[in-house]
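Keeping their order, the protein sequence lines are chains X and F. When the first sequence is numbered by the working numbering, its final residue is 239 and no position is left out of the sequence of numbers. When the second sequence is numbered by the working numbering, its final residue is 659 and no position is left out of the sequence of numbers.
Certain hints may be false.
Claimed, not checked - List time: in silico EDC-like cross-link candidates among lysine to aspartate or glutamate, alpha-carbon distance up to 16 Å:
(1) Lys475/F / Glu640/F
(2) Lys208/X / Glu628/F
(3) Lys483/F / Asp350/F
(4) Lys4/F / Glu640/F
(5) Lys649/F / Glu244/F
(6) Lys64/F / Asp160/X
(7) Lys64/F / Asp122/X
(8) Lys113/F / Glu245/F
(9) Lys208/X / Glu244/F
(10) Lys202/F / Glu178/F
(11) Lys31/F / Glu259/F
(12) Lys113/F / Glu259/F
Derived by calculation from the structure, the hints in this document are not laboratory data. In this text the structure is predicted, and so the values were computed from the model without any measurement.
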Amino acid sequence: MNGIFFALLGASIATALAGFGSAKGVGGAAQAAMGVLSEDSSQFGKMLVLTLLPGTQGLYGFIVGFLILVYGGVLGGDMPTFGQGLAYFAASLAIGIGGMVSGFAQGRAAVSGIALSAKDSSNFSKAMVSITLVEIYALLSFIVSLLVVITVPSLNI
Amino acid sequence: MKSVQIIALRQDRKRLLEHLQDSGLIQIKKTEKCKKGFNKIDMTSQEQVFERNVTLSEQALKILDRLSPEKKSMLSSFCGRREIDPDEIGVIASNAGEVINICNRICELNKICADNAAEQIRIRTSLTQLEPWRSLDIPLNCHDTKTTAVIIGSIQKEYDEISFAQTLAEYSPELEFEFEIQYSSNGLTCLVIFVPFAQKELAENALRDMGFAKPMNPGNLTPLKETERLNLKSRQLIDKTEEAHQEILSYADKRNEIRDTQDYFRIRADKYNVISGLEHSKNVFVITGYVPEEDCTKLEQLCTRVAACCIEFSDADESDAPVKLKNNRFTRPAQGIVSMYSAPSHDDIDPTPLLAFFFYFFFGMMFSDAGYGLLMVIVIGIVLKIFKPDEKMYNNLKLFQYCGVSTFFWGLIFGSIFGDAPAVLYNFFTGSKITMAQMLPWPTLDPQKDALMLMIVSIAFGLVHILVGMGCKFYICWKHKDYAAALFDTGLWMLMLIGFAVLAAGMATTQTVMLIGAGIAIACAIGLILTQGRNKKGFGKIVGGAASLYDITGYISDLLSYSRLLALGLTTGVMAQVFNMLATMFGTSWIGFIFLIIVFLIGHAINIGLNALGSYVHTMRLQYVEMFGKFYEGGGNEFKPFSLNSKYIKIQEEKSK
């Protein structure tokens, strides 16, 4: 029995959960941004930047998912053994869960940042930097997932 | 920064201020209290007039933009202010009255349109109210005759002839009445009732009990005629609105003149604002302000040339004086990033050169694609050439152009040119299986295969970045003769971090190196325990020293933060690969070829947009949080010279001098 099912499950979890977090984060931020834009449409550029900030988690999740597909025998690579399949699945949990939760949190931070920046646009860079503070946790999850995924093909399990 | 005082004759005030404004050399200080013999001139009312004109023309422009939108290309926001001849200002000034009249007229016409629209709604409501009465051939406010009272109105209930007669008879048995139902449907009955004059009150009481109501605003005309009248009025209003629109549109070609005039008034409002802040005596006035040291002679020449004046320079009080950042061509674009954080205070050193270098470097590492980098350099080059943007926009674009250069080189190191496009396209057309690493003649570092290696490299760069930041702190403390802070608070930590780095290097190589590293780190730790509690008393000295070691967690998290260099670099590369793979999925037929082009273009555009934003934001964070956190205080005032603060026009430089 090979581990293709678990590898695919891992790819799905990484992409979907992280994407869920980002979707919720970006969605909330976009709502707040549109409220601001209805008052002053010239702020579009700044609002776009702040809205997109919680969007990276989905990207990281997608990359982990994609790499699992590449290494895990779907888009090339060798068919994973059962153990390797489980390892892919385990790796996907980091970015899946980490990305999802940090996506929620960053979305909330982005909403506040949008309110801050709407009041006084000179606060924009402060808002931006504060929102990115959340992102480090998604990044750490991503790096853990990534390091595991790229070492799995050489694991003898 | 020098403090400057200019004393000149009042008759030269206009000329002198105009020249100062054009040159933008001096920041004028508003005096709060006047010396004896001097007082201030209140120019608020003039200033307000100018400001009102600015607002008026802004409104007029907004109205024009709404009714006849200007055709603008996407890139026109890069466009700089229009350059005009100094003499043209005179022309603008002489036409200003006329242009303001036009603006007034535009706003007036716009108000007419708005009023007409409101009136239209009122007419439409009246028309709907009249609708049920269409067949009535007497006016709604028809008067009673000598013997008969006429009551016209409606009931919110549906009746036919029989049910109404029965109901009314039930309410008032002795009432004699005739009636005519005009309309009865949808829960509404409109009717006319005739009763003997003597019974009018009785009838009205009975009807009121039934929920009868008279029409809201009865007219003197029969409903049919009234409807016609209203329709006619509505048509007239439409015509009038159309006329007003046409008239507004006829002013559309005045747009540029309105803009110029708006700037003219904006400039004058600024000037009068400055005048209100100056000290005047009977014959002379005094300007006090700040001027950058290198501009002193220029200012002196200018002032003596245009007016009889006495000019005096002195050293400015450092704690109040504004700060002007001085940077060369290469580092100036990053000035905007520093100002976005906060201008340096007088205790700080100007961090721009360091920031510029690391900004370009880290941005390149995160965006890391030779194709994208080249694209950035070329596109920005073209935009700069064509649109000649203003200084601020110019610097922003230049920043990204330099980042593009760095992106290009990092792309070459990572072997990424539009992702793996060259290899993918080569394989697509020839059917071979070649990788980027095989294709490129130089050795590359693949972030996907050597992720661990690249992470170590990222953190090593981070270490350098942090050490440079701490080095600045060391330098600042040393300059302020705070040697203890320099050596113990900063120096020991720097050494300790270096010790850890040597230790880590030793783990990978030989044991001796490792021991040396460990030795340095332990020595520094002991040093810190001994020195960090130096401002505390007694037992607190040891506790404070030991507690300071806890700061190590801060440094570790700072260093780990640099792993984003790897993560974002990888993101760009992998996304590009995904799009390349999607692009070549449809095979080598001609349909596949079309798909290839479309997917390739759209995919890479998305990738550039997302990852350029990510790289920009994260580079900025690394500078602000990790590096500035180590040494930079900020909170200074930026040098804001008295200059032409205009939106649309600027005066050609050669001639303004």
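Hint check:
1. A hinted pair counts as satisfied when its Cα atoms are at most 16 Å apart, and Lys475/F with Glu640/F does not qualify at roughly 22 Å.
2. Distance hint between Lys208/X and Glu628/F is fulfilled; the C-alpha atoms sit about 14 Å from each other, no more than 16 Å.
3. Taken as a hint, the Lys483/F and Asp350/F pair is honoured in the structure, with Cα atoms around 14 Å apart against an allowance of 16 Å.
4. In summary, the hint linking Lys4/F to Glu640/F is supported, as the alpha carbons are separated by about 14 Å, within the 16 Å threshold.
5. Between Lys649/F and Glu244/F, the direct Cα distance comes to roughly 32 Å. Violation of the 16 Å bound is thereby established for this hinted pair.
6. For a cut-off of 16 Å, the pair hint linking Lys64/F to Asp160/X is broken: about 63 Å separates their Cα positions.
7. About 13 Å separates the Cα atoms of Lys64/F and Asp122/X, which keeps this hinted pair within 16 Å; it holds.
8. Of the supplied pair hints, the one linking Lys113/F and Glu245/F holds, its CA atoms being roughly 13 Å apart against a limit of 16 Å.
9. Of the pairs offered as hints, the one joining Lys208/X and Glu244/F is violated, with about 49 Å between alpha carbons and a cut-off of 16 Å exceeded.
10. Under the criterion of a C-alpha separation no larger than 16 Å, the hint pairing Lys202/F with Glu178/F is consistent with the structure, at around 10 Å.
11. Between Lys31/F and Glu259/F the alpha-carbon distance is near 33 Å, which puts this suggested pair outside the 16 Å criterion.
12. Restraint check for Lys113/F and Glu259/F: not satisfied, since their Cα atoms lie roughly 22 Å apart, outside the 16 Å limit.
Hint violations for this structure: numbers 1, 5, 6, 9, 11 and 12, all remaining hints satisfied.
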